[in-house]
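Peer 1: Please build the complete structure, drawing on both the sequences and the hints.
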Amino acid sequence: MLLALVGVGIIVISKNIIHAAYALALTLISVAGIYVLLSAELLAVVQIMLYAGGVVILLVFGVMMTNRLRGEDVVSGSRNRLVSAIISLALFLFFVFTISNTDFNDSQVHDSDQIDKIGISFLTDHIVAFELVAFVLLVALVGASYLAKMASDE
Amino acid sequence: MSNAMIPYYLYFASLLFSAGVFVVLTKRSAIFILIGIELMLNAANIVLATFSQYDPSLNGQILAIFAVVITVCEVSIALAILLNIYRKTKVSNVDELTEVGNG
Amino acid sequence: MRLSEQLTSILNDLQGAWTESTLIIGSILILLVGLIRPNEMLIKVLFGAIVLVSLWLNVNNSNEGLVLLDSLHLSKATNHFGSLFIITALLLIIFPRDKKHAAEYYFFILAMLCGSLFMMKANSILIIYLSIELVSFASYIITNFTFKKVAFEASLKYLLIGAVSSAVMLFGLGFIYGSTGAFAISDLANIGSLDTMCSAGVAMLMIGVFFKISIAPVHLWVPATYQSAPSDATAFMSIAPKLAGLLLLQRMLTLSVFDSELWIFRVVLILGILTIAIGTLGAFRQINARRMVSFGAVAHSGFLLPFALISSPTSSEAFWIYSVAYAIMNVAVFYLLDQYERKGIHELSDYGESVSSSWMGVNCTLVLVSLVGLPPLVGFTAKFFLFTTLWEYYLSSELIYVLWYLIVAVLATIGSLFYYLQIPKHIFLVKGQTNQSINFSLLTKIIATLFSIGLLLLFFAPKLVIVMQQLLNNVHE
Amino acid sequence: MLFVSGEKWMLFRRLSLATIGVQFVLSVLMMINFDGSISPESWSGAFQFVEKSNWINMSFGSIGSLSIEYFIGVDGISMPLVVLSSFVLLIGVVSSWNIKEKAKGYYILYLLLSSSIIGCFISLDFFLFYLCFEFMLLPMFFLIGIWGGKRRAYASIKFFLYTLLGSLFILVVMIALYLSVVDGDANTFSLVQMLDGSYADGSVLDPSSKQLIFGYSARAVAFIFLIIGFGIKLPAVPVHTWLPDAHVEAPTPISVVLAGLLLKVGAYGLFRIAYGIFPDIAVQYASIVAVVGVISILYGGMNALAQRDLKRMVAYSSVSHMGFVLVGLASLTTIGFSGAYFHMISHGLISPALFLIAGVIYDRTGNRKMENFSGLASKMPQYTFFMAVFFFAGLGLPGLSGFVGELMVLMGAFGSSQLSYWIGISATLGIAVSAAYFLWTIQRMFYGNYFVRDSSWDSNMIDLTSREKLMLIPLALLVIALGIFPRLILDFSNETVDFFIQQIGKFQP
Amino acid sequence: MNWLVIVILFLPLFGGIVSFLSKENTGLIASISTFFTFLLAISLLLSNTSFLVLLEWLPGYDLSIKIDSVALLLISLVALISTLVNVFSIEYMRSDLGKNRYFAKLGFFTFSMIGLLLADHLILMFVFWELVGFASYLLIGFWYGKEWVPQSARLAFIVNRLADVGFLAGILILNEGNLSISQFQETWLFLPSLLISIGAFGKSAQLPFSGWLTKAMVGPTPVSALIHAATMVAAGVYLLFRIAPYLHADALIIIALIGTATALYGGISALMQHDIKKVLAYSTISQLGYMILGVGVGAPEASIFHLFTHAFFKAGLFLGAGSIIHFMHKMNVEDEQDMRSMGGLRKYMPWTYRSFLVCALALAGIPFLSGFMSKEGIVIAAWEWASINGTWAYLVPDIALITAFLTALYVGRMVLLVFWGKSRFETKVDVPLENSQFKLPLGILAAGSLWVFYNINPLAHGSWLDSIWGVSEGHADELTTLIVTFLSLLLAFTGLILAYSFFKPDSNYEKSYGVKSRDRFAAILNGFYLTEFYHIFGRGVEKAAEATFQIDREFIERSLNLFAIAGVVVSKVIALIDRFFIDGPINLLAYLSGFVGKLLASISSRDLQTQLAWLLLGIILILSLILIF
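Chains as they are written, first to last, in the working numbering: chain R, 57 to 210; chain B, 12 to 114; chain S, -4 to 472; chain W, 398 to 906; chain G, 74 to 702.
Rather than coming from a laboratory, the hints here were simulated on the basis of the structure.
Note that this is a predicted model, so its numbers are computed, not measured.
Among the hints, erroneous ones may be present.
Unchecked claim - Taking beta-carbon pairs under 8 Å as the criterion, some of the chain G residues facing chain R (in silico): (1) Ala686; (2) Leu689; (3) Leu690; (4) Ser697; (5) Leu698; (6) Ile701.
Even glycine gets a Cβ: it sits at the ideal position worked out from N, Cα and C.
Peer 2: Structure (structure tokens):
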């Protein structure tokens, strides 16, 4: 958890996108750890595979393909700090207020064979969602590749 | 693992979310903004995962997994668009993109 | 066992999702055909066929209630609104397309359509999330299809705003899920009352949906996107996802759980007022026609919003009429703007050049006047029903906000004259600098005329709208 | 409607002439068959030639159904107005004889306009009325905007916006009325039911329910909305400013129709709807309306006095004259109502003629500034003669129709129990003001030595052509006939007005 | 008998229309038609007809026409004078191009005037009242080609109209279902009495409305004779005569005072005029003042008698003046109406001179002539009235007597300057030059000024006509009568003698008169600038109108367009907020923390992150709303 916070801190402070990306990876992995703590192992695995493995690399690629191609600094300025700080602080305070006003007492932990369960519910309870996400993936895939092709065409 | 821990996870998620908001609002680079959004989504996933452990059907976790997938798609589309923009204008900072509209 | 029961019920309910399945399969088909034979006509015909098939399936759908293990919620409303979306998609055929990219283009349109249908029917919050994302993705991508720099910019901004709002929404979904354990809208009906956390969750969920409906403060993407996206995509974007989002919201907010939550009514009404105000006032200053109309569309979202709160039969009737009118008007207006843009007319002041084609000008005027909401056009009928509904609602609810809403809506209607009439003003009353003569093809004129006639016809015979509703529900009197 | 293809303007004008001519003949036939001597027991008994059929009927499940009917008919108030309309429209067609540019569009719009005007007068369904009311806007907008003068864009948009603003007020009231008035069980738009006051119990506008909106009674708010709405159309000071611009920029025939009929629609709306449906409030607010009327009379008159443009002067004189209608209405007496009514008709004849007269000089020279002309009497004696007839009719010379209306209105104003003498006396001053501006105009333009600003106009200064005479002579004859025998009109409206006042009388303190 | 009334009413109009349409002999036709009207009226008068006709004009409002002997007598008078004027005009207007129009207008006027006399219902009376004014407008403006003519005509009409406003308002206040004079029972209240009297003041050219009458002199002279001497101006008196029984006492006092003032005003103003018609006009004003005064002091019958006699001699004077002007016109004198160019006309137009002299002396109130008889009646009544009302009231008869003196003075001046002495113009003829068409009317009118037509006793103050207007007998005691008669005779003769001593031929004044020098008494000459006052008033109104228009353009227009403007403004504001909303708080905070820097530099509304900030701010607001509600 602390590790994640460190990562977040780096992202917030850093001006260098690459650094931020690595810090994000750090954060993501530590969040995966939190998932494990929350007994969501599958989620943790997905997190590490897709997020840490996928997103961060994509981002780094992105950085490479844009800023780096120009041979410029990968530094990004920041702005509006105060307003942004106020806004994010306000949000945070609101959430804290909300959470502290809520009781969490009548729940109990269910610890069973998660992966099985999830697999089954993908095909039963959430079959529509499962199909849908497949389609979403298709759309995103087609879209991204199409856009990329568009970019390379011109 | 006890109920008492729940608020702390949630506080953490809120913090993460707020940090994401801050990043989104402050950083100029589109990629940085994406990173911020990732943070926000992660925060949401943590919330889902936190609650999911008390749910026998694990819906929260499932939603979180889908969210992760979706996020990846989002990022890939965003990068593709960014690439196009970059090809055209050699710019990747959003505040330099001011061509649309007249106010 | 339970599992097999579940599977059986899935098989039984499958009919409920045939339309969507057809669309998915059709879209893939289009993509494949596009890869093999990139012929514009062929693609268009295929697109039409797919849409027609799905329309047929949709009309003949007889399932109602929760299907597919509570994933989707079907009703009469989803049925005829679904058909409306499909018909709207069908209308897009009239927009001319460039040869390039036609297959991909229609693929994304179908994806949007499919996403809208899912969004409208979604019951599980998972489906809500996914369908909204599906629509969004398709929209992000399709915005690029004008291949202009502005379009890329617009789509990137659109995406970023969308991503933020979807993150907010996801966070909110987490809250709802956490505080109530409910994973579907229908589950919400069973909980007793809302605590703060759940309220926050609902509010954040609403933000996500508002993003699609383009309600303030998440309307910010609208002008840029509408301005730079392809016309037909814009037309579609401004209709199907918006109405679908409204239906979703309506289904959610009219649950009895929320009856006692006054803040929801206040927030929704205040945002509605705000949206109308921003849309109307924002449109005043525009010099680009499309951008102006897009602000107008924002205002229309504001007009539509109260329907999400009211569940009376009057309201649903009015909602339907307003939606049909809105759909036709928007397709028409974007079609006309598209035609003008193809002649190089973008800015309001350019419209003075088109004085030579007064017939198109007349059609343009009719459509715009209908958007304002004046008789004898169906826009008036829609507004009329809206006001009636609101008035009734005010009388029954005694919420002072409704009265204010009514007042603002009336004022905005007046205000909308000021900007919508800019176009006819330039066409007829202000001479252009150059005297080039602009002529439109016969086909264009015929289509425009058909739209005008439709707008007039529905005004004189609003019964047709109701009949259409019944037809689309496959109910015969 | 006239959807004839081709480019021949001759054809269009003949066709429209024929159409309007038939319309006129039909309306006269109707008037002959109209029985003015029926004294009605209730509003539903007051109408004749009633035609009714369902138009829109939608079921709303539990709430009831929305029914809009094609429901038309005439009573003593609307009957003469229908004839007047068709007559003035006929004049309008004749005077648009020389519009050749885009004639097809022009005549189509003109006919649209004409049917909606007549529709306004005969509809007994509020929705239908409102529809026609709105329907007038668009054709008018284009007729001014396309065939108008230099500042036509400004004028037409101003006209449009003002009138639209007014009609939105009316729309709000219409919805409220619809929700409050029932025919049997179902809500209805029927004006007859509204007039007879069959309100649903406890509805917004039910007189007994005393519903408040922003601290005022709902009925009062509705009445004020209607006064504003129709007041804009009328137009009453201070919402009159669209009128001079619209008139000045409109082509002559459109000015004719605008002054002759559109203003009457506003007045008719006040009669039928504001005063018919809300008699109780009308009694309460009589003096306010009267004050507005008096201000319109004097203010319009003073403005007319200051004008240098003939048409603008006539336009302001319309404002002044319509003020009399307001005063007559506010008097809430039989004679005042009849007077207001008669004044509408008479103004419906005089003001078109005045605009025709302004149009004559404009046709010849393209200019209407008073200082550019003088001594026209010696050059154009016939023109001067007609001018004198209508100017003096306008300033209320006895023997011409203008006088009768003003006199009756003033009789009403003095006889009213609601209004103080000062209202009447101030309104009477209006007569002197109107004399001032009309006479001044005559003096400047027609008397004195012959002079025109631009010598090139000289050759154009011919006396009236036979077409112009064709328009002016019937108008002049009618103005004189009505001035001497006002009962030509009043016999039609008398019973209705009597009944009207009876209804109002129930609320008099 | 009804048809006879209609014939009487419409015959002149018909004659006018026919003469308008006919190419030649227009005047003759008009004359004949009015003459027949006269004959009819006389015959009806002799047969002692009296009846009431009701017409339903407006629903519920019957208009009544009442024929009684007073009406018939005056109708006869009007018809007679109209006939004479028509005859006179045949020659007078011979060379005018628009004579068709002229006779038509005269016919129309006669018609209106008869209608006015017939009317019993006040509204009907108002109708004809207005028509008379309109006809007068037309006739004054007959020579519209000259610049000042239409101006004068307009002035006359508008002044009348203003007074009519009072009349109409008065009528309408009275209106309680009955407006027929013959059916009134009670005395009216003060306000309507006053308002209606104002109407009468306007038509009868009383102060402050007198100015129009002198302006009206720009019309053809026969018109002045008919309208502005004999008939139209008398309408006010006639009205007051009719309604006198119902007038409020206070209103009567005001009427008396106004009449007195007007009489004096007219008398003084007439003294200094150079224009012969103006002299007559002011004299008319003065005499009308007498009549009004008579009504005010409770002797309406004396007033109406004076009206009757005045009609004859004043019409005679005007026609005489017309004859002179016609003559001067033929002599090609530039200022054909200016007495300074006349003189010694006696020998050129003896017939005119004689008739003019008779009429003038009648005007001056010399015995054996009608003026004496009628004027005495009024003065005696005024004296009586004053004796009842107290000392201050003696002002009225005193001024009346002074006016009588003034009358004699200016009459003498006029006659002497015009007819006596040497001519101040170049003569071209020596023989009398008079037309028979002039002679006949002049002769008849002069004869009508003789006493015999009214009473055998030249010194009596009544006449056999008294029975027609039903004078109440024996109210004046002998002594008063004697004193008044003596005083007025004394004053009249003094005036004449004084006039002779001043203006006798070869007197200093007479010699120097032709020289147009600066007038010492400009105020009097200009009728105390009454018309200038009108002009100032008119300009004031004009200015007010301009101001109103300015208001209309600047103020109302603006405030009404405020909606549109407000819309634009608000949208601008929205844009500003859009741009600066973020700036504002930042600015503030930046000051506080001393952290002013690049933060502010590149913020604009197009910028994505600003928009996002907006968005999130909105979300926060929404969320906080949850907490609030």
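Peer 1: Now tell me if each hint is right for this structure.
Peer 2: Structure-based check of each hint:
no. : hint   : result
1   : Ala686 : holds (6 Å)
2   : Leu689 : holds (5 Å)
3   : Leu690 : holds (6 Å)
4   : Ser697 : holds (7 Å)
5   : Leu698 : violated (11 Å)
6   : Ile701 : violated (12 Å)
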